[in-house]
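Chains U and G, in that order, are what the protein sequence lines are. If you read the first sequence in the working numbering, its first letter stands for residue 1, the second for the next number, and so on. If you read the second sequence in the working numbering, its first letter stands for residue 1, the second for the next number, and so on.
Keep in mind the hints are simulated off the structure, nothing from the lab. Misleading hints may appear alongside valid ones.
Stated by the list, open to error - Covered stretches of chain U, going by a simulated chain G footprint (3 or more residues, C-beta under 8 Å):
#1 1 to 11
#2 23 to 31
#3 36 to 45
#4 55 to 64
#5 72 to 85
We put the CB at the ideal spot given by N, CA and C, even for glycine.
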Amino acid sequence: MLEIKCPYCGKRSQNEFSYGGDATIKRPQLGEEISTEDWDNFVYYRDNPRGKHSELWHHVSGCRQWFKVSRDTATHEIFDTCKMNEDFNV
Amino acid sequence: MSNSFRTTNSTGLINKDKKINFTFNGTIYHGYEGDTLASALIANGVHLVGRSFKYHRPRGFLGVGVEEPNAMVQLHDGNKSEPNIIATEVELVEGLKAKSQNCWPSVQFDIGEINNVLNRFFPAGFYYKTFMWPKSFWMKIYEPFIRKAAGMGKAPLLPDPDRYEHNYEHCDVLVVGSGPSGLASALAAAKNGARVILAEDKPNFGGSLLTDEVTIGNMSGKEWASDTISQLKSMPNVILKKRSQVFGYYDHNMTVMIERVSDHIENPSKYTPRQRLHYIRAGEVIVSTGSIERPISFGNNDRPGIVLASAAKEYMKVYETLVGKKPIIFTNNDTAYSTALEFIKNDIEPIIVDTRDSSNGELVKEVQQKGISIKFNSGIADTKGHLKINSAIIGKLDSSKESFISEETVECDCICMSGGWTPTVHLSSQAGNKLKFNDDIDAFVPDKKRQKETAIGAANGSFTLNQSLAEGFQVGFDLSNKFTDQNNPTNSPNSNEPSYEKHEKLWCMPLPSGKKPKRFIDFQNDVAVSDVELAIREGFRSIEHVKRYTTLGMAGDQGKTSNLNGLQYVSKIEKKIVPEVGHTTFRPPYTPVTIGAIVGREVGNHYLPTRKSPIHTWHEENNAVFVAAGLWQRPRYYPRGSEDMNSAVNREAANVRKNVGICDVTTLGKIDIKGPDAPEFLNRVYTNAWLKLPVGKARYGVMLREDGMVFDDGTTSRLSENHFHMTTTTAQAANVLSHLEYYLQVVWPDLDVNVLSTTEQWSGIAVAGPKSRDLLSKLFPDVDMSNEGLPFMGLVDSSIDGIKARIYRISFSGELAYEVNVESNYGLYIWKKIMEEGQSFDIQPYGTEALSTLRIEMGHVAGAELDGRTIPFDVGLNSMVSQKKDFIGKRSLSKDAFTESDRQTIVGLVPLDKKTKIPEGSHIIEDNSAVAPIPKLGHVSSSCWSVEYNNPFSIAIIKDGKNKIGKNLYAVSPLKDISIPVEVVSSHYVDPEGTRVRS
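Please build the complete structure, drawing on both the sequences and the hints.
Structure (structure tokens):
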């Protein structure tokens, strides 16, 4: 079980969190004209890298904040976590 | 029965003043306090404990602890019965009952032993090859037969009566194993101020120090161990845990340890857990798990009485028990000589067989000085004795050691074998450590670590005491320095132990001349040398494939004694070095763990939390039948007298249509939404328009996922300019809140909005039916309940007996209806008040079944229609979708597949006979006489008995539904083997114009 450092609460066990997927996905602007392909890329298609992955987690059983985690998908090493409006240090 | 195999000394750890009675296979024996089931049986001369997995061969004890592959027994009776328990790990307790497994009718005479005679028909891969055809035989004939024949113990069918607990611990340094290196590291880390947990599987701390003749400082090893434990015990930063096995090493230094809390206690308190599972998150883990002795493969090396040399020594030294009185020691190294010396101390002269040409080790010399001759350059070729070994054939090896020159038969009652030592690297490997092969000791040791884990002592391949202690003190200090700033190192004391000569790289004896006895490598899975040869001959090359084909190293013992011998043999045949062959992956658990311990206290009602509305007690008192809605318990219906469910539901629903009904809707999700951007946010979240909703009005809203599927629906009210009250379905309440938080925090952080769940702050009571207005007017005389004063979708604040109440005019039933919300604590009071006042209006409570009936008749969609596969147009929510603004999921709605003209749509179904109820989930087809595969038009999502028309009615979602109205189709349920002719009608079966809700 992973140990994740919530930027608001500190280190907590994985079972307090839920996973939220790729943190680099940007939702298209409201009202933006967008091709079906671009829209499908946003809704369905995700990279599945082996190695460093920046992703969203939600502290569901805690402060209920969404935040960013930089994690190695192969080793589960967590390099850094930060608030949504921050950038990773490493 | 007598304990005729006890030694006369009393230097061990058993208490001969306390007798303990136990039963094995129906016979009563006694042992002593401190015995294991294994040591007590051996003391009574019992070696035959079970039958082997595949060939049903008689088997006895091989080891003395977790490494034991053979001696698995079934413990206790009835609901406490437990299969596959390793007898060497069971502490003797008064009245213990154990029996052999995998034998019938008895362990002495087992019918299944025919497999042994037929063993040439049961080679590796036998099942794969034999039971392939005909295919239809697999489920009914082959599998049940194999399951019966290839066996372990029997799982009890009754619920486990014992109590298990879970515990969460954090520490700086976890030390696993309390041998010399473990004790040293724990002491060094603790003295340096770190928070330390020391875990030991056995009932006594000390590991090899309990059996080895060594000195540390001016004390014996055993004394030093006990002195170190006393020091650790006195330190507040140390937790000592014996009878505790760390069996799993997971990510981020999470380890799991099972503690046997009361298995060894005769009458534990009712509230003492039987076992406790500890989740330990450790800063650093020190793996000081020691090593396990390796067997040697030779003909019939699995007979009862053939044990590991170290086990024989521990039985003598710790349990004061002799594995035999006419022993043969068979070894390829020096350590087994300490077992020989222990026999000599007990006035027994062993025969020593050593594969090596010579040895000048100290122990070897000591044995020779006592006048014992050693048969060097020799090996055991074969053994005899059906239920217990009675003789061995000892052969002189030729120079290549590939065959025997001469053979002699020697009587014996036990063989103590030693093929050297294998570091216990399981935990390091589980932690992701890439092991490396150490040629000096012919075994794998930890190398490149992935987690904060450090192996020391024998687990690290350091087999001398000096090395182990030095590593322990150093590593304990170094690692603890990461957590404290005391910088207080502890020096390693001087130690003294015999010197050892090198072992010989020989683990498999040649076959005796003219015979082909089985030479076992893996005792637990009955894998012999010939099986490995066969697997390689048949082309299995990867060690992982050899493992799976032969089952070598699988199952409960995880190859503790067999893995390396298997690898050595594969590398020998393949003419490769062992590191090229590689090793299989070690996986948790290191030792078998009772399911009950993993489940812990999460059984019965503790499995999930139960959520009850504040009105729950009233429902109970009024005969409600409850149904689980997620975690909630909701009244399903309230039967009167001998009413069955159907009549109760029909009565409740009809009363809502005719008079007035009351329903507990507290479970609906409620979310408080505040902030200047709240209207804009709702406008983005919902498919319809929200900017112009007046204060004091509610609106129905539908929200989608980005893929266009309907996510949830509900009414949301504007309480003031920037304050909204959202309701969600009971099922999606938590998901909707996460969804809103995601968009506010991740996607649109610029919106100034706060959301908060208020589900549990409000109690909701629906009052529905034509008489609801009159009832509420009486209850709230100050409120103008007229259609003008409180119109449909209006809301008003009022109070009742000084309790603040909010009245919404909203309807799920399709009738004139209201929903009264009060602070949760007053829910029960208000409910009772409404019931009391409602008597004169013929009020009746209604449950979730009647609630469903009412909404189905009206064609209102709910969870069964909003199942994550429907877009708004599929379920008749077209008018809810704004063309003017953008919202979550809108772009998906214009995708080709979602705009096809014959897209699925919601319809109503009435059976032609007006009698047969249509099962939910039925398929809708056009032609009942067509040959399969018949095209499916759609499915039935919800069914009810229409109380308005007194016939069955269903909602279905079918292809091109809007053009099917008026047609006759079939609803078929293959599971129930029925086919019902139905007429397609509008899904709005009752009051399609919606006049009642507005009346």
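To see whether the hints hold, each was checked on the structure:
no.: 1; hint: 1 to 11; verdict: holds (count 3)
no.: 2; hint: 23 to 31; verdict: holds (count 4)
no.: 3; hint: 36 to 45; verdict: holds (count 5)
no.: 4; hint: 55 to 64; verdict: holds (count 4)
no.: 5; hint: 72 to 85; verdict: holds (count 5)
Figure legend: structure checked against the earlier numbered hints; every hint is met.
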